[in-house]
Every structure is written in structure tokens, then in C-alpha cells.
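**Student:** Chains as they are written, first to last, in the working numbering: chain A, 1 to 381; chain B, 1 to 381; chain C, 1 to 381; chain D, 1 to 381.
One or more hints might be untrue.
Note that identical chains are pooled: a pair holds if it fits in a single copy or bridges any two copies.
Unchecked claim - Here are the simulated DSSO-like pairs of lysine-lysine, each with C-alpha atoms no more than 30 angstroms apart in a straight line:
#  : residue 1 : residue 2
1  : Lys-156   : Lys-118
2  : Lys-6     : Lys-42
3  : Lys-6     : Lys-213
4  : Lys-51    : Lys-363
5  : Lys-267   : Lys-146
6  : Lys-51    : Lys-319
7  : Lys-42    : Lys-5
8  : Lys-98    : Lys-146
9  : Lys-156   : Lys-227
10 : Lys-267   : Lys-156
11 : Lys-118   : Lys-224
12 : Lys-156   : Lys-224
13 : Lys-98    : Lys-236
14 : Lys-156   : Lys-187
15 : Lys-70    : Lys-224
16 : Lys-51    : Lys-233
17 : Lys-319   : Lys-227
18 : Lys-6     : Lys-267
These are computed hints drawn from the structure, not numbers from a lab.
Protein chains: 4
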Amino acid sequence: MSTPKKNLNIGMVGYGFMGRAHSNAWRKVTNFFDVPYQPVLKAACARDAVKVQAFADQWGYASVETDWRKLVARRDIDAIDICVPNDLHLEIAVAAAKAGKMILCEKPIARNTAEGLKMCKAVEKAGVLNTVWYNYRRVPAVTLAKNLVAEGRLGKIFHYRANFLQDWTISPDLPQGGTGLWRLDVKAAGSGVTGDLLAHCIDTAIWINGPIKSVSAMTETFIKQRKHTLTGKVEKVGIDDACAFLARFENGALAIFESTRYARGHKAEYTFEINGENASIAWNLHDLHRLQYFNHADESIVRGWRNIHVSDGDQPYMKAWWVPGLQIGYEHSFVHQVADFLEAAAQGKSASPTFREALETTKVCDAVLASAASGRWVTVA
Amino acid sequence: MSTPKKNLNIGMVGYGFMGRAHSNAWRKVTNFFDVPYQPVLKAACARDAVKVQAFADQWGYASVETDWRKLVARRDIDAIDICVPNDLHLEIAVAAAKAGKMILCEKPIARNTAEGLKMCKAVEKAGVLNTVWYNYRRVPAVTLAKNLVAEGRLGKIFHYRANFLQDWTISPDLPQGGTGLWRLDVKAAGSGVTGDLLAHCIDTAIWINGPIKSVSAMTETFIKQRKHTLTGKVEKVGIDDACAFLARFENGALAIFESTRYARGHKAEYTFEINGENASIAWNLHDLHRLQYFNHADESIVRGWRNIHVSDGDQPYMKAWWVPGLQIGYEHSFVHQVADFLEAAAQGKSASPTFREALETTKVCDAVLASAASGRWVTVA
Amino acid sequence: MSTPKKNLNIGMVGYGFMGRAHSNAWRKVTNFFDVPYQPVLKAACARDAVKVQAFADQWGYASVETDWRKLVARRDIDAIDICVPNDLHLEIAVAAAKAGKMILCEKPIARNTAEGLKMCKAVEKAGVLNTVWYNYRRVPAVTLAKNLVAEGRLGKIFHYRANFLQDWTISPDLPQGGTGLWRLDVKAAGSGVTGDLLAHCIDTAIWINGPIKSVSAMTETFIKQRKHTLTGKVEKVGIDDACAFLARFENGALAIFESTRYARGHKAEYTFEINGENASIAWNLHDLHRLQYFNHADESIVRGWRNIHVSDGDQPYMKAWWVPGLQIGYEHSFVHQVADFLEAAAQGKSASPTFREALETTKVCDAVLASAASGRWVTVA
Amino acid sequence: MSTPKKNLNIGMVGYGFMGRAHSNAWRKVTNFFDVPYQPVLKAACARDAVKVQAFADQWGYASVETDWRKLVARRDIDAIDICVPNDLHLEIAVAAAKAGKMILCEKPIARNTAEGLKMCKAVEKAGVLNTVWYNYRRVPAVTLAKNLVAEGRLGKIFHYRANFLQDWTISPDLPQGGTGLWRLDVKAAGSGVTGDLLAHCIDTAIWINGPIKSVSAMTETFIKQRKHTLTGKVEKVGIDDACAFLARFENGALAIFESTRYARGHKAEYTFEINGENASIAWNLHDLHRLQYFNHADESIVRGWRNIHVSDGDQPYMKAWWVPGLQIGYEHSFVHQVADFLEAAAQGKSASPTFREALETTKVCDAVLASAASGRWVTVA
């Protein structure tokens, strides 16, 4: 079962929310999955020496760096895990690629397609393994949904709808910028809910239902000005607080997507539903261990949406965990991504989504923002 | 479609909550069901002449009586519908039977088995059609549940559990006795939740799963004294506020039943669940148009409880109503019972549950109360 | 309680699904509501003499007509209830207005704004009472939602989203045109899901959240050709099978609306959700007796969506029905509209939505279809 | 934040399902909680040398033992974690106590009260810290429920009901005894669902609602004989497949409890509900991150069960994890127990439930089994 593993030395850039989620995944993976590598938390990197040392102590990183360039230059690092704000992805990823490191980059790949494209070219030129952390693909219920569609169980797909609703920025007193709040700062984030939340919806949608052809979008910034924590001044808010768009897939399906941080009662409610000729599927991040499935082939008098508790050993990834009925949580999606990354790496392949695949999502995001700006339908590049 | 119908003249005794529910059923049935009789609201009867006239006006009864004996004696009445407190069932039913009337009696049949038995003998001796209004049998989702079990879809039944939870008597200021409150007066009602609520649960259980063999029960009266509206004095409360019991069915299934009027957050939450070797079923009166169904034969990765919206034309009684997706409500169960009663009557038969069938439920209630009093298992007579 | 009532003589045009729903409402209203008129089912009208007589027999109409012009001309008719396909609304309504009748017209008011405007002018010129049957307003949970917003409980409204999902036209074998299928025939219906289903969503939205300013829409006709039952030939399908649109309300709220008849697993699933600064509300026609309510002012550790079982006497319309916990169904919304119509009529007023108010919904529908055709944002006229 | 920690050396006995759950907890705790000790996985112990070495490799135990006596004798072990079948708890715990080790024992404490009492005396005589892994107490939603009751929010408690339903032993082909199946072997387990599942329900109930005074129970063994994996022969099944009991709490509340492994559609569905004068609470292990809460003090027209997504930083244990809306899973309850154990240990205290506290649950189990055998109410010793 547990064959001797080759070490894979990880260099982590960033120690925020995602730094924790990824570190946990690196630490846990071999306890639950028989993967071909043993990840080693070799170094954590961030500008604040005190804070990064505390982070390293808490997670067991063997060393720290305060300059990502030094981290990238270290010979003893095999893979760079990028967990910093979006505006830093490009520079770090390009340097890491040049240094021949494997790269795991937080989503979205970058602030926009132009940046993302440079990153794709860099990793492809360097021939390094790469992936983007669209972790929700690896929620077992979502993977199961993907599999059901891929097997043709839904038949022709008519409709796709996805929402990502939050309510944490409704207060006008919330500042923009700085730790935990860079998502409200357009310079750091690139966009608001579009890149942060809709990117997840779009990645899942493309993965399951294929390319999106065109979009018509609207965006809104409800709170026009917020204090900036870095400048201390009240500044214009540059991000989109809310975004909704109509879309057409290449396969003919219609779609609506919506995201906002102004939907009271929704903490992180990412939902999607897919309607096909023969069956439908629905999922909700707030109960991520469940999948709703309607099979029109069921006998009519006892036909209904099946509420599937995705916790059995024959369901994606679940054999590794507990027993039927015992649910997993949010963080497990990252463990799954690490497991898949390590499996693929042993075969010299990148785990999906690669930088190139993740770029498709950012192209849609760019089309969405362009459509919102122009008031017209925009074809995805 | 609508063949000429023979009139069936109804004499209603009582004008309370059930008087309204039954009157509505008599009035509506021919609009939706092609039944062989046209019910005619011939007379309403109650002691208060003013109130019964108002009731007759509101529902279209052609005449009123203030003495049920006169009503029973009228030649132009075909069927007596008994909607008065339990302590009056026996006398009225026996007189109506002697007068050769069809009898429809509100549940429970009587305050206890002894009374109920006399009623059974009276209708059987007189050879009159009879039924007891255990209306929940005719909620389409419940009838569907019955059918699924009868078809053997669940296989061997292991477990039955039913609850009927309410919260309307928690306040100690609520008096006992009188209009709308006779259910708290043991003389009028015979018992508390056992005869009022558990009787429904037991009727459904016997109907679907066969006879109950033995029980072990406990009861409680949380509020020991309440003002009596008839005497004006604070008097001992004689009813059971809550009752729970273990049971064994003749088919080997184990059961638990519980009812209370002290369950905050539950208005009229009658629920049951049946677990069989191959499938399970669950239902809830608060969403009476839905049935939950788990079929173990479903493919394992997409197996889950099916949430069936019972509103299609091929589901019990639903062809008569609207279109799929449009739900019916509480009162429809009474319309269904009237429709079935009229269909059976045209064939000279009583619609189930007959007095004799309904007596089985009261026998279980008596066993439950006896067990609670003795602290021992009691075999159902 | 039940004061002597003045008769109000109803002339019904049409005997289809809506003819039944309305007839039931007229018959039931005085049993449950103390309204100032006694509706009398005076005459039913339809071209097929045999069928209309059967309908009249089933519902108790005193007479029949086979030409709506004769019905409109009858002196003994006070109100005309229009339950025929949309293409007939204009002509009948204008004639009825000229004849001085009260008019109750099924929704949508007409196939388009131009027709609807003529109808508005006719009733306004004639000074006759008028209303359009947007019945879902009178589902108690929906009325409660309206009241909560009107009381300012949600604060500033950020988002509105509504779906009306069905799945009954997925089969390409389903023909268009004729009884029950005129909704697929663009000549009779005017449009597909936009006028049939989205009209409901839009009416509710305007009623609760005020005027819609502009829209961006897409429509699709998945099945391009269907056999026409009237011609017997396979003909082009002219209706929209699916429609989705983005919208902006005048109050600044963003909205998405979607309707389709190709969403497997949804029979008649009309849902809406409203997100305000302080609270949110959600509702679903498949469980129409429930309202979901999230109140941000609730103490944080016990804050959650409240699942309200709208069946108490202090909730809209419910005092008239049963007791807490006992749900009503679809048809009750029509009874409520009749009750409100009669109350308003006694005061010489039209019940909302009047023709003029209902025209606003059709204006939005027209803008939606224009936007789908042009691919541009369209301002509501 | 992360103060230098003292090591706490763990010796694990057993490597089955619970061995994994506990190991994960020991490994993760310092990543998420700022506890005063650093657990060190010092040694894993089991009879099979190959398997225990594989287990040690997978979880990072520094050494292995094949005789628990040797493990207990090791000077470098601070705490013994007992994860073996129930029949071994007594001997190991007594030896560990004599050796002065802290002891963490899987639930139930033992096969019966007599064994458990010896264990209590041993740890109390030795003065060693001790706890029993009733992990569900530390599910945040359950802890929140406990807190709400402790704060008096529910007022007087009228009703408690709990179920633990499974369906994994319905097949008669499933053998008894051996790895993973010792729970079906009465010699190893002591009892069936009573000690395995109801023990959880009882522990939670006592913790939240105080002592249970008396019980009336029934048990059933549906499959009378199963092949024994150790003997290879078909042998009588000695465990209870199902058990239900009525109970009275010392505080006057009535209760029903039920557990079975024959409830189709339920994988590990532990549910409880508590009804108090002012509020009610309900919880379900299949959605363990949610708590249902009904507060009667809410304004009546918007009163309903609140569906609380327990994932905010002000809810029990959740500050340590992710952000609002991101759920945790089953395994986290063990991490919480380790965190609490370490906090208490630093203060020289045992974390609840201690052996002595856990013994109360086993006393109730014994009373339940005695009642089922005698058919009488039994007072809890």
C-alpha cells in the first residue's frame, strides 16, 4: 500500500487564508491518499519576517524567506505554491517557470487575460508542471456531477445556471485594501466578484459543459467609496460588487450567472444547476456533500429529485475518507487537488486545470467585464 | 362524463372546524370528481339556533335543526355527518343507525372501545353504510405510500415511526372545555393527544402496515389544572398532554409513536416513516403534497431520498385537480373521502375505514392508555 | 357576520384550465370570506355547445352561450370573466367594456402592449371595474413578502431574482395549437414563456419592488418545428421556449429573470428571492405555503433562514381557512382574488392589478422580446 | 500566538477506523488551535506487525509495538489512546492507569457498567487524566445546542427525541466478528446498536438535558444467525440490531430514543430534537454543520425554524477554521476534542466526558438492555 515515496519540496508564497488551506492539504494528503510523492513543507515566504515565521511554526515549514525571488532561486525547492493577491501572480509565476519549478497558482490565474497569457507562455516554454487551484472541481459532489454529464446521462444540455452569493461587504464601513481586504482593491484583485467568485462558477461550467461562446453582462458597485487601508484615505471603489450575465455555450445551452457580495443570508453560497433532456443536477456549496439529481427515466409516480449524500466509497474521492454518512468539508477539496497533482506529476503531466485551461475562465471574465462596460453582447475571445 | 346523478341528502350535526371541512367537501366533490351521487346540503343541526342558521347560510344548507333527534328522524335525510365532540358520537350514531341513515362519523369513532363497539354493532345490525373520517389516508402522498407498500416495494418492513407534534396548549392560561377547547376536556374528548392525534397515526399505520400487537406507553399531563370554560372554575386536567409508545406489529416491525401539544415550532406536524428491506418512505403533514422515497435498487452513486412532488395526474386523486406542480391542501383530503364514500355507496358498500375498521385504532389507543397507567406492555385486545 | 348579500352575476368565457380555477373561486368565496356580494354563476360561454353544457352542469352555471357576443349583450350579466387564449382578450374585453360589464381577464392582459393599451382605454372610457388574474400575488406567502418589503423591513433592495421553470414541452412529439396546447402557438399566445410564465414573475416583481427600467434578454426555441393540431401540418414554432433577462429596477436593484419549459425536474417551479440590506426573502411555488426569511438583525450565533409555514390566522388571508399547520393549495389564490375583487367592487374600485397596472408587465415582456431580437439593452417604454 | 509548546507523546493502540480519526486529530490540532502542548505521534501498537508498521508510516508514528503491555510500559509515552474493540478497554485502561499514563478511550467506555466502573476506579486511584471520545459533543452545532439550553433559552424542557439510524447490516450475508465487523460480535462489542449508536445519543442527551431517570425499551435481532469470521461457522447473533426506548429525565422531560442498522436510506443519521417552553432545537449528523432553531419569541408572522449554517467565527470552535459559509466535516469533532483535552491537561484537569461521566451513559445502556429483557420500566442505577 504505502510504497516508499520521493519527497517533493514545497515553497509556499503567502500565508493568508489560502496559505492555510493549501498547507493543510500538503500536510494531510499522504495520510489519506496513496500518492507517489511525499510533500515536504520546505519553506514559507512572505515579506513580514515575524509573521511568516509564526506561520512556518504553525504549519511545520522547515524554513522561511522574506523575498519570493530568493525562494524561487533555492535549489531545494521543487514546487512553488502561489497564494498571494492576484497582482503578484504574473511576476512570481514567470520567475518560477524560468527557475524550472512546478507551479501551483491560486485562482484566478491573473487579473486579466493578458497577464494570464504571459504566464501560460512562461510555463509552456519552460516545460514545467502547472495547475490553478480551482478547488471546487474536486468537491466529490461536483466531480460526480461532472462524471454524470460526461457519461451522457443528462442528454442534450438546455440550461446552466450558477450563482455565487455572499453578504460580507454590505457595510459601508468595511475598508478596501490590505490583509484580508485586498479583494476589494481593484489594483490587487483586478476585479471584484467577477474574478473572485464568478471565476469559480465559470471554471466549473466550462469543465462540465464546455466552452462559453458569448455573454451579456451587467455589473454594479453599490458602495462607491471606501477607506483604503494602505493610504488611509477614502478612495473610489474600483471593483464590481455584483455581476450578472447571460451566456450561450458552444453546445447550445443557455446560461445565467450571478454573483454578489450583497445578498443577505448567503455566506458563500455557490450553487449551480444543469438541466438536460433526460436529467438534471443541482449543487450548493453550503451543503457541499450533497448532490441533487433528477432522473426523468425514473418511474413517474415515484419520480423526484434525489438528495444524494455523497459520502460512499464508490463516489469520487470518498474511499479515502471515513464511512458512508460521515461528511467531509471545505478543506478536503484542496487535499484532492494535491492528490491529483501528485498523481499527474508522477506521470510527467500537469493536473487540470493547467494555466492554459484556467486562462479560458479569465477570458470569459474579461468578456463579462467588457460586456458590462459596453452594454453589448461580447464574444469570448 | 357527467351522468345525471341521484341526490344524496346530507344532514350535518355540528358546525365547528370539522363541520366546515366536511361541508366544503360535500359542496366541492362533484366539481372535481365524476361521482354517482349529487350531495345536497339538506340540513345543519346544532343547539344554538342563531349560530346554526348563520352556518347554514354560509354553506348553503337548505334548513336547520336544533335537536339532532329531529334531524335523525327526518325522512328527507339520507346521511348523517357527525361533527360533534367525541362524547356525543355514540348516542347520535346509534339513533341514526336505527333510523336507517348512512353515517359518516368524525374520528376517533368514540371515546373508547366500549362505546365504539356499540356503534359498530348498531350500524351492522341496521345494515347502514358507515365510515369514519380518518381523512389523512386520502392525502395523495399518503395513499401513494400505502400503494407502494401494498405492492411490496419496500419488502419486509423493519421499522415504523410516527409523530404528531403540536404546540398550541403550552400556555397555562388556555382554558379547557367549550367551543374549540373541548379537546382539553377529558369528559368530552375521552383522552388528550392519544385519541385526537395518535389516533390518526395509528389509523394510517394499521392501514399501511397491518395490526399492532402490543404497546408500551407513557403519558404526561404537563399542565395539571386549567380553568374550565363551562364551570368557570380551575379544574384538574384529565387529558394526556403528551403520549409516546413503543409497539410491535404483527408483521414483526418495530414502531415508535409520539404525540404532544408541547413541541414548540410544530403546528400540526404529523410525520411518519417506514423502513423496509428494499426501500423507505417518509411523509410530513406540513408539506403534505410531498412524499420522500428511498429506493435501494437505485444505482449506488446516484442513490438518494427522492423528494416527490405529488401533483401529477397518475398519482392518487390528482387527475381530478390541476396540473403538475400545482399543489393541493389540507381540505382536499376530505373531498377525496367524500368521493370514495359516494363511489362505494353506489355499490352498496361502506368506504374504508368503516366503524369496525376504525375500532381497531381505538383498541390500540385504549391499550396505550392502559399501558401508560400500568407501566407494562399491553397486548392490543 | 353573514350580512345579506347582493348578487353578482358572472358570465364566464372559456372552460379550460382557467375556467375551472375561476369557477371554483366564485363558488367557494362566500363559504370562507364575508364578502359584500354573492357571486352567481349565471352563464358559461364557449363555441362547443356540448362541452360548454357539460362544463355548466359540472360547475352549476345556470345557462350557456356559444357566442361570447350574446353573453356580453345579456342584461342579466354583471361581470365577464375572460378565460380564453390571449388572442381573444382584446375583442371580448372591448365589447364587454362597451356593454358596461365589470371585466376580469386572465393574464397576460393581451399578446402585446398595443392590444393591452386598447383594452385599458376601453375600460377606462367605459368606467367599468376591471382586474387581471395575476393570482400568485394572493398566495399568502407572496402577500406576506410584499408586506414585509412595503414595511421597509428589507431596507434598500440590492437584488431580485426570479425563475419559472417547467419541463412539459421537452418532447418534440408534442404538437402546437388547439385545446391545452395553444400556449405553443404564437398566434394564439403572442409569445412563449415570456407572456405565459415570466409575466407572472414580472407582475410580482413590479408589485413588490417597483418599476423595471431596462432589460437585456435572450430567448431560444429549442424545438424549431412541431405539428400543428389545427392544420395537421408540421409548422415552424414561433414561440420562445426559454427566455432569460437581466434587468435594472428604478430603485437601483439588479435582477435576473429566467423561464423555460426545458428544465427537467421542474413542473411549475416559480421561485423568487429578494435581497435587501437588512433582510432577504425567498419563495417557491412548489411549496407555496412557505416563505423563507432571513433577518440580519437576529442575534448572530442563532441567525439563519427562517422557514415560515404560512398557515396562521395573522398571516394574509389565512384567518379564513383552517388552523395553524394546515396548508392551502394553488386554487386558493384565485379565491383570494375574487374576495378582494368583491371587496373593492363594493367600494366602486377595481382590484389590483387593474388593466392599466397589468399593462406594465406586458410592457416589460415586450421590451424583453425586443432585446432578445436586437441583442441590446432595451428601456421599458 | 504560537508559544513554545511542551511535547505530549502519544501511544496509540489500534489502527482501525478510530485509529485513523484520532491520529488525524493529533496531527492537525496545532495547525488550527493554539493549544499548550505539541502532540507527538510516538508509537502505534497492534498485534499485526506488518499492518501496524504500514499504519505508522502513513500517519508518521515514530515507532511501533505489537504488545500493548510494552507500549504502556514505555517511559517515553505520556498518553495512551485506546482505539480497540470494547472488550479490550478494561484491561488496557487499568494497566495504563497503573503506569500513570493519561488515557483517552474510545466510546463506549466499556461493554457494561461493571467493566466501566473498574476503569473509573483505576484512573481515579492513579490520578491520571482521562476522557472518553464522545466526539459528537464537539460538533460545533451540537456544542451550540448545548450552550443554548444551558443559557436557559429553551425554558422548561418538555421533550427530547433522538434517533441513530443506519442501514449497513441489512444483508444476511454480512458476517460477524473480525476487522470492521467486531461491532456485530457481542463478545467484542458488548451489545449492538445500544452501545455503539444509542450511547452517542445518550451521552449528548445527558450532557444537554441532565440525568435520565428511567427507561422502557424493546430490542430486536432481525438476522438471527450470521457466519462468524473468526470461527468460520454460522453462529447465533448476540447483539441487538435495533433498540428503541421511552425515557423520563430527572427534569421532567419525556424522551424517545431509537437506533437501528435496518433503516434503509440512512447511512449514519444521528438526529436529535429538543422542545422547550420557549424554543426548540434540532440537529442531524448528515448535515452536521447546521442547527435548526425555533424561537417562539420571534414575531408571529415571520416565525419559523431557523436553518443555521454553523460556520461563523462566533460559533463554537469555528474561529479556528475557515470563513463563514465554508463547512467542516466529521473528523473535525475529534480535533476539537483533542484541543479541549490539551487545554484541560495544561490545567491538570480531565476533559469532559471523563471516565466517570461516560459511565453514566453506560448505566443507561445497561438499564435499556435490562428493560428490553424484562419488558418492564427500569430505573437507571
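**Student:** Cα distance capped at 30 angstroms. Does Lys-6 pair with Lys-267 within a copy, between copies, both, or neither?
**Tutor:** Neither, since 40 angstroms and 38 angstroms both go past 30 angstroms.
**Student:** If the cutoff is 30 angstroms on CA atoms, where do Lys-6 and Lys-42 land: within, between, both or neither? Let me know, please.
**Tutor:** both (14 angstroms within a copy, 23 angstroms between copies)
**Student:** For Lys-156 and Lys-187, with the copy left unspecified, which applies at a CA distance of at most 30 angstroms: within, between, both, or neither?
**Tutor:** between (41 angstroms within a copy, 29 angstroms between copies)
**Student:** Between the shortest in-copy and the shortest cross-copy C-alpha distance, which are at most 30 angstroms for Lys-156 and Lys-118: within, between, both, or neither?
**Tutor:** Neither, since 36 angstroms and 43 angstroms both go past 30 angstroms.
**Student:** Give the relationship of Lys-319 and Lys-227 under a CA distance limit of 30 angstroms: within one copy only, between copies only, both, or neither.
**Tutor:** Cα proximity of Lys-319 and Lys-227: across copies only (26 angstroms, versus 48 angstroms in one copy).
**Student:** Given identical chains, is Lys-6 near Lys-213, meaning Cα to Cα at most 30 angstroms, within a copy, between copies, both, or neither?
**Tutor:** neither (43 angstroms within a copy, 59 angstroms between copies)
**Student:** Between the shortest in-copy and the shortest cross-copy C-alpha distance, which are at most 30 angstroms for Lys-51 and Lys-363: within, between, both, or neither?
**Tutor:** neither (35 angstroms within a copy, 50 angstroms between copies)
**Student:** Since the copies are identical, ignore which copy is meant and state whether Lys-98 and Lys-146 lie within 30 angstroms (CA to CA) inside a copy, between copies, both or neither.
**Tutor:** neither (34 angstroms within a copy, 56 angstroms between copies)
**Student:** Please work out whether the CA atoms of Lys-42 and Lys-5 approach to 30 angstroms or closer within one copy, between two copies, in both situations, or in neither?
**Tutor:** Result: close both inside a copy and across copies, 16 angstroms intra and 21 angstroms inter.
**Student:** With identical chains treated as interchangeable, where does the CA-CA distance between Lys-267 and Lys-156 reach 30 angstroms or less: within a copy, between copies, both, or neither?
**Tutor:** Answer is between; shortest inter-copy Cα gap is 19 angstroms, intra-copy 33 angstroms.
**Student:** Give the relationship of Lys-51 and Lys-233 under a CA distance limit of 30 angstroms: within one copy only, between copies only, both, or neither.
**Tutor:** within (26 angstroms within a copy, 62 angstroms between copies)
**Student:** Could you figure out if Lys-98 and Lys-236 sit no more than 30 angstroms apart (CA to CA) within one copy, between two copies, both or neither?
**Tutor:** For Lys-98 and Lys-236, neither the intra-copy (37 angstroms) nor the inter-copy (59 angstroms) Cα distance is at most 30 angstroms.
Of the numbered hints listed earlier, those contradicted by the structure are 1, 3, 4, 8, 11, 13, 15, 18.
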